[in-house]
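Residues per chain, in single letters:
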Amino acid sequence: MNHLKCREISKAFGQVRALERVSLEACGGEILALLGGNGSGKSTIAKVIGGVYQKDSGEVMLNDSVLNINSPIAAKRAGVIVTSQELSLMDNFTVAQNICLSKVPVKKVWTDGRAVGEIAEEVLKKCGLSSYGGRSVASLEENEKYLVEFAKAIVMKPKVLILDEITSALYQNDVAVIRNILMDLKEQGCIIIIITHRMNEIFDMCDKVTVLRNGEYVDTFWTSEVTENELLFAMTGHDVRKAVKVGEEAGGEEERESLISVTDHQLSGFRGQIQFELKKGEVIGVAGLQGQGQSQLVRELFAMDKPTQMVFKGEPIILKNPSDAVKRKFAFISGNREKEGSFGNRSIQENISVISDLILSANAEAKETVLGKYKVKMGRITDAIRTLSGGNQQKVILGRWTITNPDVLLLDDPTKGIDVNARMDVHGIIAELADQGAGVVFVSSDEEELIGMAKYCHQYKIVVMYNGEVKKVLSGKEMTKENIFLYAIPQGGDSE
Amino acid sequence: MSQLLKAKWFPSVVLVIFFLIWNGFFVKGFYSAASFRYFLNVLVPLACIAIGVTVTVICGGIDLSTGALVCVINCSFVVLMERGLGLGAAIAVSMLAALVVGVVNGFFVAVVRINPLLVTFAMQTICTGLALWIRPNASGSGNPEFIRWYGSGTVLGIPTSVLFFTIVPLVIWYLIKRTPMGYWLYAVGKDERKSFETGINTVAVQFFAYIFSACMTGWAAIAFSGNIVGGDPKAGLSFTMNAIAASVVGGAALSGGEGDPIGGVLGALFVQLAIYAVLGAKVSTYVEELSNGLIVLLGIVGMMAYSVLKNRKRSRL
Chain A
160 MNHLKCREIS KAFGQVRALE RVSLEACGGE ILALLGGNGS GKSTIAKVIG
210 GVYQKDSGEV MLNDSVLNIN SPIAAKRAGV IVTSQELSLM DNFTVAQNIC
260 LSKVPVKKVW TDGRAVGEIA EEVLKKCGLS SYGGRSVASL EENEKYLVEF
310 AKAIVMKPKV LILDEITSAL YQNDVAVIRN ILMDLKEQGC IIIIITHRMN
360 EIFDMCDKVT VLRNGEYVDT FWTSEVTENE LLFAMTGHDV RKAVKVGEEA
410 GGEEERESLI SVTDHQLSGF RGQIQFELKK GEVIGVAGLQ GQGQSQLVRE
460 LFAMDKPTQM VFKGEPIILK NPSDAVKRKF AFISGNREKE GSFGNRSIQE
510 NISVISDLIL SANAEAKETV LGKYKVKMGR ITDAIRTLSG GNQQKVILGR
560 WTITNPDVLL LDDPTKGIDV NARMDVHGII AELADQGAGV VFVSSDEEEL
610 IGMAKYCHQY KIVVMYNGEV KKVLSGKEMT KENIFLYAIP QGGDSE
Chain B
123 MSQLLKAKWF PSVVLVIFFL IWNGFFVKGF YSAASFRYFL NVLVPLACIA
173 IGVTVTVICG GIDLSTGALV CVINCSFVVL MERGLGLGAA IAVSMLAALV
223 VGVVNGFFVA VVRINPLLVT FAMQTICTGL ALWIRPNASG SGNPEFIRWY
273 GSGTVLGIPT SVLFFTIVPL VIWYLIKRTP MGYWLYAVGK DERKSFETGI
323 NTVAVQFFAY IFSACMTGWA AIAFSGNIVG GDPKAGLSFT MNAIAASVVG
373 GAALSGGEGD PIGGVLGALF VQLAIYAVLG AKVSTYVEEL SNGLIVLLGI
423 VGMMAYSVLK NRKRSRL
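Taken in sequence, the protein lines are chains A and B. If you read the first sequence in the numbering used here, its first letter stands for residue 160, the second for the next number, and so on. If you read the second sequence in the numbering used here, its first letter stands for residue 123, the second for the next number, and so on.
Treat the hints with care, since some could be wrong.
When the alpha-carbon atoms are kept at most 25 Å apart in a straight line, the in silico SDA-like pairs for lysine to any residue are as follows [to be verified]: (1) K318(A) to K439(A); (2) K316(B) to G173(A); (3) K316(A) to K316(B); (4) K498(A) to N237(B); (5) K472(A) to Q434(A); (6) K130(B) to R294(A); (7) K498(A) to A375(B); (8) K299(B) to G272(A); (9) K439(A) to M583(A); (10) K130(B) to V296(A).
Pairwise CB distance ranges, derived in the manner of DEER restraints [as the list claims (entries may be wrong)]: (11) N229(A) to K432(B): 51 to 61 Å; (12) G287(A) to I143(B): 49 to 59 Å; (13) S360(B) to G538(A): 43 to 53 Å; (14) G473(A) to L412(B): 55 to 65 Å; (15) I340(A) to L419(B): 52 to 62 Å.
What the simulated footprint calls covered on chain B by chain A, stretch by stretch (three residues with Cβ under 8 Å from a Cβ of chain A suffice, anywhere in the stretch; the number is not a length) [unchecked claim]: (16) 295–302; (17) 321–335.
If you are wondering where the hints come from, they were derived from the structure by calculation, not from laboratory data. No residue lacks a Cβ here, since even glycine has one placed at the ideal position from N, Cα and C.
Just need the whole structure built from these sequences, with the hints factored in.
This is the structure in structure tokens:
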């Protein structure tokens with residue numbers, strides 16, 4: 160039986176120790192889950208095994224022989240395939256070309272174009288994306304991109320397959336597809352390691368789960384012998400359930416000042432009905448299947464691509480561009496940190512002050528306050544922000560907006576790929592801002608997160624979108640997963 | 123037809139057709155056999171360099187050393203033949219020299235990982251110096267047989283200059299494009315990190331791009347030597363920027379991952395036609411370069427506007 164062993168692997172990035180003598184074992188015929196908060200080192204160890212990062216010490220062994228993997232090329236040769244949390248697809252290629260990019264089929268010396276199509280079609284069919292081969296990557300929905308990323312990995316017929324957060328943007332039925340394929344691979348003796356934050360997937364798919372915390376190995380459990388709470392405890396080192404703050408019952412129907420209201424035709428990119436009102440101190444969760452206009456809604460409210468008409472604090476206005484929006488105390492946070500949130504190569508302090516210095520003159524201590532208050536785990540304030548884990552980066556980015564005391568906070572899936580702890584911190588910050596009187600629009604691809612937000616916020620409701628329309632507004636006890644799915648999935652469509 | 127409309131280099135076709143008609147009307151005798159042939163002979167070296175530069179641009183880099191490399195090889199080619207080397211041997215030595223320059227560029231860009239702008243700019247200065255050292259003043263007569271062959275020979279009715287120094291390089295490019303290297307060049311140009319994580323040997327791919335560019339430039343220098351008679355240490359310098367302009371007009375994105383050498387050839391055709399159009403308009407020699415530059419700038423702006431519009435259309439819901 161195939162057998163992968165990592166022994167005492169250490170890795171540091173500058174000041175931050177990402178992995179501290181982490182050992183890990185995975186066998187063929189078993190699926191291992193890697194679980195841990197952000198900055199726990201899951202992605203780092205995946206990248207070390209995949210040759211993207213060079214380990215400082217320790218060794219990786221496959222079937223008792225030492226693997227010397229110093230680049231993804233060497234990993235590929237050894238049959239080790241690691242998918243990246245940030246997609247590796249390129250939008251100047253078709254889906255089929257992307258799938259075959261790791262191993263271009265060749266006839267003599269020439270690229271075998273027909274084989275590219277056939278190989279891709281075979282694996283795409285398995286993934287439920289039959290005849291997608293000729294499409295451009297740019298035309299795919301977000302979840303489809305992750306499925307293609309998965310297809311690109313399994314087409315290599317790996318001996319060791321490590322999937323880093325491949326399911327975070329997927330729907331239930333996509334996950335089922337991936338599950339079936341993984342079960343087949345497992346039977347064939349492939350070593351499979353999955354990194355995910357979704358507990359149900361761990362219990363559903365995986366045989367064992369290894370928990371990491373702060374770059375150190377904590378423990379390994381059989382999923383059949385462990386509970387969710389025990390895992391959370393192992394991850395965080397304290398009992399999460401007790402820490403959850405329960406919001407007081409929503410007070411009487413006090414009349415709150417309206418912040419934003421939009422009616423039909425004021426938002427240009429929507430065909431359907433958008434009736435939308437955001438009040439002071441209110442949090443609105445936006446649910447729906449991926450790509451039904453949720454992102455576009457918050458982006459338009461921030462005038463991201465073109466001017467937006469709306470009624471703001473009772474007067475009709477036109478927001479010309481994001482800079483105009485910021486002057487009216489709007490704030491926007493994207494789930495796409497790399498592109499739209501952080502300035503990866505610049506320091507943490509610059510990433511905070513970029514907003515306050517340019518637009519509002521805030522005092523220097525504000526930075527320290529933000530970092531301290533939100534418990535950002537970092538080396539030095541002058542380190543590049545990309546040395547932080549995703550959760551910590553997002554806390555910095557959220558924190559920098561809190562300095563400006565925004566009236567309207569627009570969030571586009573801000574916790575995508577962030578662990579439980581950091582999520583709770585982010586939720587706390589959002590609730591705090593709402594309590595201070597800000598209106599919040601909160602888009603999330605995770606229904607449970609949207610429902611869970613109710614615990615933090617006094618004024619909270621969920622709108623469900625489908626095909627560019629607000630289908631339903633849920634509040635109070637109506638906010639259940641079943642109700643969200645009821646309105647998010649079209650009638651007569653293939654619901655689960 | 124729809125394929126043609128979709129190609130990134132489509133606007134350059136429009137520009138080229140426009141100037142072909144314009145020059146027919148406003149440049150005296152443009153379409154007379156002799157002067158059109160001369161036009162092609164002048165164009166060919168630029169087209170050949172543009173093919174190579176476009177490949178470096180596709181791969182996410184740039185090559186600023188081409189013009190100076192033309193000068194070095196032009197001078198050494200002439201000097202070698204003056205010293206009694208045969209034509210074939212002189213070509214072989216010249217191509218070897220080009221290869222060395224490509225390897226050095228590739229080494230510093232791909233292995234040492236210095237910005238290609240700096241590496242090839244330094245190489246440009248080195249080559250300019252070398253050319254001056256080899257031949258301080260424009261002089262010499264070259265190989266009369268070669269010049270005749272280049273200037274007026276034909277094969278199956280195709281001018282030798284065009285056939286050997288533009289069509290053959292294009293064919294070589296298309297053969298390369300049919301190998302996995304064709305995929306890899308575009309992948310590395312689009313996103314080096316993703317390509318690396320995908321398991322593409324990014325170092326080898328970048329190396330290849332600079333070697334290809336230098337070899338194309340070397341080959342262009344030999345064509346150039348068939349055109350200007352002697353060796354001239356300065357005459358080729360303007361190729362550098364014209365070739366980059368040509369590849370951009372031809373649809374290559376300086377951000378990498380997009381473009382096609384055929385577009386580079388069309389872009390070169392546009393640049394050369396524009397030069398002729400200005401000459402034909404008989405503006406004062408003092409504003410000739412200014413007018414050229416403005417036309418090329420318009421071409422580039424037009425190209426950019428086209429691709430922005432195209433992208434906007436694609437991203438609309």
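Against the structure, the hints:
no. : hint                           : in the structure
1   : K318(A) to K439(A)             : 55 Å, violated
2   : K316(B) to G173(A)             : 23 Å, holds
3   : K316(A) to K316(B)             : 20 Å, holds
4   : K498(A) to N237(B)             : 22 Å, holds
5   : K472(A) to Q434(A)             : 16 Å, holds
6   : K130(B) to R294(A)             : 18 Å, holds
7   : K498(A) to A375(B)             : 20 Å, holds
8   : K299(B) to G272(A)             : 12 Å, holds
9   : K439(A) to M583(A)             : 22 Å, holds
10  : K130(B) to V296(A)             : 18 Å, holds
11  : N229(A) to K432(B): 51 to 61 Å : 41 Å, violated
12  : G287(A) to I143(B): 49 to 59 Å : 53 Å, holds
13  : S360(B) to G538(A): 43 to 53 Å : 50 Å, holds
14  : G473(A) to L412(B): 55 to 65 Å : 57 Å, holds
15  : I340(A) to L419(B): 52 to 62 Å : 53 Å, holds
16  : 295–302                        : holds (count 3)
17  : 321–335                        : holds (count 3)
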